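Participant: So you can see what is in the structure, the chains are spelled out below.
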Amino acid sequence: GNSVTQMEGPVTLSEEAFLTINCTYTATGYPSLFWYVQYPGEGLQLLLKATKADDKGSNKGFEATYRKETTSFHLEKGSVQVSDSAVYFCALILGARKPRTGNQFYFGTGTSLTVIP
Amino acid sequence: DAGVTQSPTHLIKTRGQHVTLRCSPISGHKSVSWYQQVLGQGPQFIFQYYEKEERGRGNFPDRFSARQFPNYSSELNVNALLLGDSALYLCASSQQGEIYGYTFGSGTRLTVV
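From first to last, the protein sequence lines stand for chains A and U.
Residue numbering for the first sequence follows this note's numbering, starting at 1 and increasing by one per position.
Residue numbering for the second sequence follows this note's numbering, starting at 1 and increasing by one per position.
For reference, chain A alone in the conformation it holds in the complex (with noise of 0.2 angstroms):
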């Protein structure tokens, strides 16, 4: 089947230190890959997306890369500020499958991050 697994939170950094978060993947066919953010109280904003293998996704200094010899798509960011605290979804969706029938995500279980000053 498919699934994400993504590492368990929560996680605290302090401001300035390194992230990262795994994200570990099944999947039928050949995925697409994708990073989305949900602050508090808030959907979900779409933070970077990878579509093919050794893609390398980025947006306000985050990156993934999409390893498919490990089935991988990890977070990292180099720098993190408390602005950053929210909980991350990991998830995919099958890039092969034509639009209109029925494609649906399979998100992880989501990583909190609370970055502290």
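Careful, some of the hints might be misleading.
[To be verified] Interface residues of chain U toward chain A, partial, derived using beta-carbon atoms under 10 angstroms: (1) Gly16; (2) His18; (3) Phe60; (4) Pro61; (5) Ser65; (6) Cys91; (7) Ala92; (8) Ser94; (9) Thr103.
[As the list claims (entries may be wrong)] Derived CB-CB ranges, DEER-like: (10) Glu69/A with Thr111/U: 42 to 50 angstroms; (11) Lys68/A with Gly58/U: 22 to 30 angstroms; (12) Asp55/A with Lys52/U: 33 to 41 angstroms; (13) Gly61/A with Asp62/U: 40 to 48 angstroms; (14) Pro10/A with Asp62/U: 31 to 39 angstroms; (15) Lys56/A with Thr20/U: 39 to 47 angstroms.
These are computed hints drawn from the structure, not numbers from a lab.
This structure is a prediction, so every number in the text was calculated from the model and none was measured.
Where a beta carbon is used, it is the ideal one built from N, C-alpha and C, also for glycine.
Please arrange chain U on chain A, whose structure you already have, making use of the hints.
Facilitator: Only chain U this time, still in chain A's reference frame:
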């Protein structure tokens, strides 16, 4: 431009009652998907609709149903509410269901007591 709009933002229902949640997609988006996010978990797929037809269904009981209207807005209905239905219900829209174009709304927080 307005994003994906969901209403209500919060509501409280009693076990056994029925609830209707509403979603207005981004203008021009014809596909709407519904997800359930239980506290502490990742969102789980419930339904996808495109052009008023159901295009996908997740592993949810028949108490869950949905529909899409000619203006592409959508309703999610849940009958015979259980305590376990308490969750954040998220709606996502895209132009045609293409995988890179989804935008999520802020959700409806349902509490069943």
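Participant: Each hint: holds or not?
Facilitator: Evaluation of the provided hints:
1. Gly16: Hint on Gly16/U: violated, closest Cβ of chain A at ~28 angstroms, above 10 angstroms.
2. His18: violated, 24 angstroms
3. Phe60: With Cβ-Cβ at 12 angstroms, over 10 angstroms, it is violated.
4. Pro61: violated, 17 angstroms
5. Ser65: Cβ of Ser65/U sits 16 angstroms from chain A, so the hint is violated.
6. Cys91: This hint holds: Cys91/U lies near chain A, its Cβ roughly 9 angstroms from the closest one there, short of 10 angstroms.
7. Ala92: holds, 8 angstroms
8. Ser94: holds, 8 angstroms
9. Thr103: holds, 8 angstroms
10. Glu69/A with Thr111/U: 42 to 50 angstroms: The hint (42 to 50 angstroms, Cβ to Cβ) holds, given that Glu69/A and Thr111/U are roughly 44 angstroms apart.
11. Lys68/A with Gly58/U: 22 to 30 angstroms: Roughly 26 angstroms apart at Cβ, these two residues keep to the hinted range, so it holds.
12. Asp55/A with Lys52/U: 33 to 41 angstroms: holds, 35 angstroms
13. Gly61/A with Asp62/U: 40 to 48 angstroms: Since the Cβ atoms of Gly61/A and Asp62/U sit about 45 angstroms apart, the hinted range of 40 to 48 angstroms holds.
14. Pro10/A with Asp62/U: 31 to 39 angstroms: holds, 36 angstroms
15. Lys56/A with Thr20/U: 39 to 47 angstroms: Because 43 angstroms falls inside the window, the suggested range holds.
When held up to the earlier numbered hints, the structure conflicts with 1, 2, 3, 4 and 5 and fits the remainder.
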